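Residue numbers (UniProt numbering), protein chains in the order written: chain A, 1 to 341; chain B, 1 to 341; chain C, 1 to 341; chain D, 1 to 341.
Read the hints as simulated data drawn from the structure, not as lab findings. Just so you know, not all the hints are guaranteed correct.
Identical chains blur together in the list; that is why a pair holds if it fits in one copy or across any two.
Computed list of lysine-lysine pairs in DSSO-like fashion (alpha-carbon distance at most 27 Å, straight line) [said to hold, decoys possible]:
| # | residue 1 | residue 2 |
| --- | --- | --- |
| 1 | LYS183 | LYS202 |
| 2 | LYS202 | LYS113 |
| 3 | LYS202 | LYS188 |
| 4 | LYS140 | LYS188 |
| 5 | LYS113 | LYS183 |
| 6 | LYS135 | LYS223 |
| 7 | LYS113 | LYS223 |
| 8 | LYS113 | LYS140 |
Remember, it's a predicted structure, so these values are computed and weren't measured experimentally.
There are 4 protein chains.
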Amino acid sequence: MITCGIVGVTGYAGLELLKLVEQHPTIHLEKAISDSRAGMTLSELYPWLQTGAQQLEPFQADALVGIDVLFLATPSGVSADYIRQLECFDGVVIDLSGDLRLPSNLYETWYGKPPVAAFIQTEAVYGLTEWSRDKLLTAKWISNPGCYATAVSLALVPFVQHDWIDPTNIIVSACSGITGAGKGLSEKTHHAKSNENVQLYKIHTHQHIPEIEQTLNTWSGTKATVSMSTHLLPINRGIMATITVQPNDDVSEDEWVHRLQNVYGDEPFIRVQQGEPEIKSVVGSNYCNLWVYKEERTNRLTIVSVIDNMQKGAAGQALQNANVRFGLEETLGLLSQPQYI
Amino acid sequence: MITCGIVGVTGYAGLELLKLVEQHPTIHLEKAISDSRAGMTLSELYPWLQTGAQQLEPFQADALVGIDVLFLATPSGVSADYIRQLECFDGVVIDLSGDLRLPSNLYETWYGKPPVAAFIQTEAVYGLTEWSRDKLLTAKWISNPGCYATAVSLALVPFVQHDWIDPTNIIVSACSGITGAGKGLSEKTHHAKSNENVQLYKIHTHQHIPEIEQTLNTWSGTKATVSMSTHLLPINRGIMATITVQPNDDVSEDEWVHRLQNVYGDEPFIRVQQGEPEIKSVVGSNYCNLWVYKEERTNRLTIVSVIDNMQKGAAGQALQNANVRFGLEETLGLLSQPQYI
Amino acid sequence: MITCGIVGVTGYAGLELLKLVEQHPTIHLEKAISDSRAGMTLSELYPWLQTGAQQLEPFQADALVGIDVLFLATPSGVSADYIRQLECFDGVVIDLSGDLRLPSNLYETWYGKPPVAAFIQTEAVYGLTEWSRDKLLTAKWISNPGCYATAVSLALVPFVQHDWIDPTNIIVSACSGITGAGKGLSEKTHHAKSNENVQLYKIHTHQHIPEIEQTLNTWSGTKATVSMSTHLLPINRGIMATITVQPNDDVSEDEWVHRLQNVYGDEPFIRVQQGEPEIKSVVGSNYCNLWVYKEERTNRLTIVSVIDNMQKGAAGQALQNANVRFGLEETLGLLSQPQYI
Amino acid sequence: MITCGIVGVTGYAGLELLKLVEQHPTIHLEKAISDSRAGMTLSELYPWLQTGAQQLEPFQADALVGIDVLFLATPSGVSADYIRQLECFDGVVIDLSGDLRLPSNLYETWYGKPPVAAFIQTEAVYGLTEWSRDKLLTAKWISNPGCYATAVSLALVPFVQHDWIDPTNIIVSACSGITGAGKGLSEKTHHAKSNENVQLYKIHTHQHIPEIEQTLNTWSGTKATVSMSTHLLPINRGIMATITVQPNDDVSEDEWVHRLQNVYGDEPFIRVQQGEPEIKSVVGSNYCNLWVYKEERTNRLTIVSVIDNMQKGAAGQALQNANVRFGLEETLGLLSQPQYI
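Using the sequences and the accompanying hints, generate a full structural model.
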């Protein structure tokens, strides 16, 4: 049995982790941590959870002895505060915020907050699971990827790795369900504002842009530059990234599909598909579905990637990373299917 | 008083026209035409309309004497059938379908149906109102633009006209509310399928792509090529087009906004805006709102255009074209504001 | 020309009033008042409004000279504060909050706040327009009815007035769109909470319950008691009240419809309908649609009433009351149709 | 290992059963049956299912040898046809339609179709699991309750069983998500019609009304009569029933809650709760949540019941019944939690 703690159980990612861990056969919830609601029980917070008697505790670094893995399901900045207190923590830390994803200079530019110590950030393993397994096995700090970054990077790494496309000419149009905006109250997420609406936000300034570029640069010989627009949709969950790229090879659409299937054919959570993409094909699950289409008129490719932002884009991938880190079957506790209807 | 007939009153565009004409001070509904529901009264069809006693008639070309303007709010293919019967009709025909928009060869390729006679299509004036006023004044046939085409073309014509961007490098990601898919029943529009979903459809094959290219070519020295992806959203109305282009001039974002305001400053229905775009800023109205942003990192521009697909993207623009055609004030009957909340 | 001021233009009812007044031929917006946003212009707040240059002012009772009618589109408690300062105001005050609706003792019980002076409340005319026209003609204070109260009272007054039903056995199940919960941020109205949800709230404690009973008591010989449950729905606008009552007369369903049509046949904003009720048949308009059905098995009646909570349930009825008060055509500026699709 | 067949896998209930069985440790899918799609594989129908290679077969009664339990996830009328062919089938039949729920005369009145043979209907056990366990153990035919009937009966059986309320004075206002209307295409479920709408339907004629009365009569000394209104909501899943009753005992609200907890305290799928009811507290799970409130002013009780119409209201309860029938742990395969966000 592996013991875990979840910090930030009142937020959406924390809640999703609670639900996933509750059904996990090996990883056991030892501590539910929340500074704002310490003292309450889980069942007071979420009356419909099964394991309700557990009491919420405030974050205390020296009370974490015996915890094998600590999930930080806290916002950027808050995670950094906790990370600074966790240097002496013996277990593994998986941070779902952006605080371990970028080197200090980039972090300050895109997040506008003080970064964690550079030596910690450098040591952290970026947990895009399918592309990080070896490094994850011995990681102390795991930086869980951003939701948009997961969707886009899983789609594009094969293309830049094999030099199939021009990495300087990548246009991403992405959209996300409202949980992507977090649980905090804001005008943007007031139902009467968000409903029957599409809101374009953080234009040219979304912090997942440098994260994607950094990931692509790891696998590409040429420095990647990505333009990404992010749209907030009136749905609860899910991300779709529609990506337009310029291929280097003049091969058929079938061949592009075939190439992608070759890369991902054995992956339990990635499905290369054909037909018309829809976000519902993954919502409620840890899958990433991918499609690739060739536009004969322009010789451009359209690559489409969909994930559930709360699962593969947050809590699901975090648990997948924990499974890998502790040598468990990678799919343990993660095989729920999309709700679909 | 100008008399009009509306063909296809059971469809969404027909209904929107009914509502708009009901509140128009000068254009009067003389005939409500529907082959499928002939004999019913308007109030049986729409109990909440004000002018309910009127009876629906079947389409009969020789019964249209005295009608000044006939709106064809019928699907592609159906409009073509009616158009073939309207050669001797004395009034003006405004077709909301795609049947007059493209030359025969392009039409056959993209619509997969038999085109109308070439001489009629050639004679038809493409009614992107803001850019077609002179020609509209004497038109017999007016081809009302497609919804996506309206949103994208209003955004891009100024940029290609002045050679501000590379017309061969235009990437459009567009999304539409469900009324854009029409009133016909389909799995795609069943609530349990479309709700909490995003569906990408007609990938690389949307019939508005050649329409946009044709419009841009009218104003550009260089042949335009456009890649456009179209997403079906779980909202009723509205289109947002997020357009990525490569500018030829190295000027500031403020200057780009300024240039666009210079072009459209006097237009009653076009508003160049700043801040974060949202589709709700136009839904329920005939406005087209535009934004332009410069991405300093990549030197690309992001241009955003939003319209209500049922108004500026269909019935609203059709009525605007009728106003122009008959020398009325262009905004007559079209000044309803966005519902917003 | 009649001049008006609107207090609370940042809220939903204030915004709806702004939009309605903007299209009203006779009533002219003289002052847009907001304590929280004083100094901004309307166009900074709502870039898509047409009359944007106007500047928001703070509430100052002595700056209202020359205003014919002042709309208080402010929450309960806030309206009371302003009302206390308006004793010397020369114009008409139309309060959209609950602060003038109930006598002091009931107000304190149901609102839990200090009431306005009893003599003001007593003098105020309760503006359920269709049933208050005579009194409205000379009113200084007009108390605009609550949204649920409008829907339910318009349905039931004819039945209790003619002693058609048992007024002690009235069960109302009502549901409302999210704008009914106001613009303030709350967990209840966070999209991720409210979407795909129904939330039952204020069980047995909704402040519109005594308001409905008071209205029915005005018209009934027997004291009415009403049980009402209120459900918050994931839609923006609209109220449906499904009302179950015990009839005193054993007549057919057709006769019940006929009786209701006799009462309301000449009303411009009330439509007695047949077929299946839907909330969309009024949303975006000032109409109240009514249906009555007889359950033969149980001899109960089901009466259904739908309104747009922002129009007939708030701003629309306020303007209708203003039209009556100033001797204008009652429908002026209020004939917009339901958006429907 | 228990083998099952599912008839009607293309419908919503069939799909939900497929998903539940896929994750069930003991019940194994042997046959996926669909007359309309025979020959396709499951993965062609639902590319995101895990067990995709299985081929759909047409219904053939003599090809079912070796199947332990056959789920009929087919519409009323269609189930009846199959049931007539299943007299010689050796296994257990669980019918999710209404075809086994009512005696012939009531069935003909409310369903308007020819009933199954009376001896089969009489033999069938009505599977409201919590109240039918003994009879289920030996049932050949199990009639799975209707969705509204499940929600309402679970709430009311304790009250009529103990004579706590007047069974002749029960008013139910119920609402359902759109999956309740089935997968068939209809104007009512076209997104542009259903979205932002509430549609009241089958007024006084819903076929679950006699089903509820029959269940209550089984447990009550006095014949029950129920009035129920059913509202179609723009959400995918979930039912809320808000029930108003007249109590016989003058006890406190706490005592009512206590009484209900006494009845259901040991039930794994029923939770008596306090606070404000919401439909989301069960959607995605097999739970039924119950609340009871006392209105002091009127001495009425409001009882609220919520279920997921696809789980506890259909496929979930069917599997729960199968678990009971075959002596398995009742919760097997049914402990998924509500999705909540």
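task = Pop the pair LYS113 and LYS183 into one bin, within, between, both or neither, using alpha-carbon distances up to 27 Å.
result = within (20 Å within a copy, 31 Å between copies)
message = Within, between, both or neither: how does the pair LYS202, LYS188 come out at a Cα-Cα threshold of 27 Å?
response = both (12 Å within a copy, 26 Å between copies)
inquiry  = Within, between, both or neither: how does the pair LYS135, LYS223 come out at a Cα-Cα threshold of 27 Å?
reply    = Only inside one copy: LYS135 and LYS223 sit 23 Å apart there, 50 Å across copies, limit 27 Å.
ask   = Is it within, between, both or neither when you check LYS202 against LYS113 at 27 Å Cα-Cα?
value = within (17 Å within a copy, 42 Å between copies)
task = Could you figure out if LYS113 and LYS223 sit no more than 27 Å apart (CA to CA) within one copy, between two copies, both or neither?
result = For LYS113 and LYS223, only the intra-copy Cα distance (26 Å) is at most 27 Å; the inter-copy one is 46 Å.
key: Status of LYS188 relative to LYS140 across identical chains (alpha carbons, at most 27 Å)   = neither (37 Å within a copy, 39 Å between copies)
27 Å Cα threshold - placement of LYS140 relative to LYS113 = Result: close within a single copy only, 23 Å intra versus 56 Å inter.
ask   = Should LYS183 paired with LYS202 be assigned to within, between, both, or neither, using CA atoms and 27 Å as the limit?
value = Result: close both inside a copy and across copies, 18 Å intra and 23 Å inter.
In terms of the numbered hints stated before, the structure departs from hint 4 and from no other.
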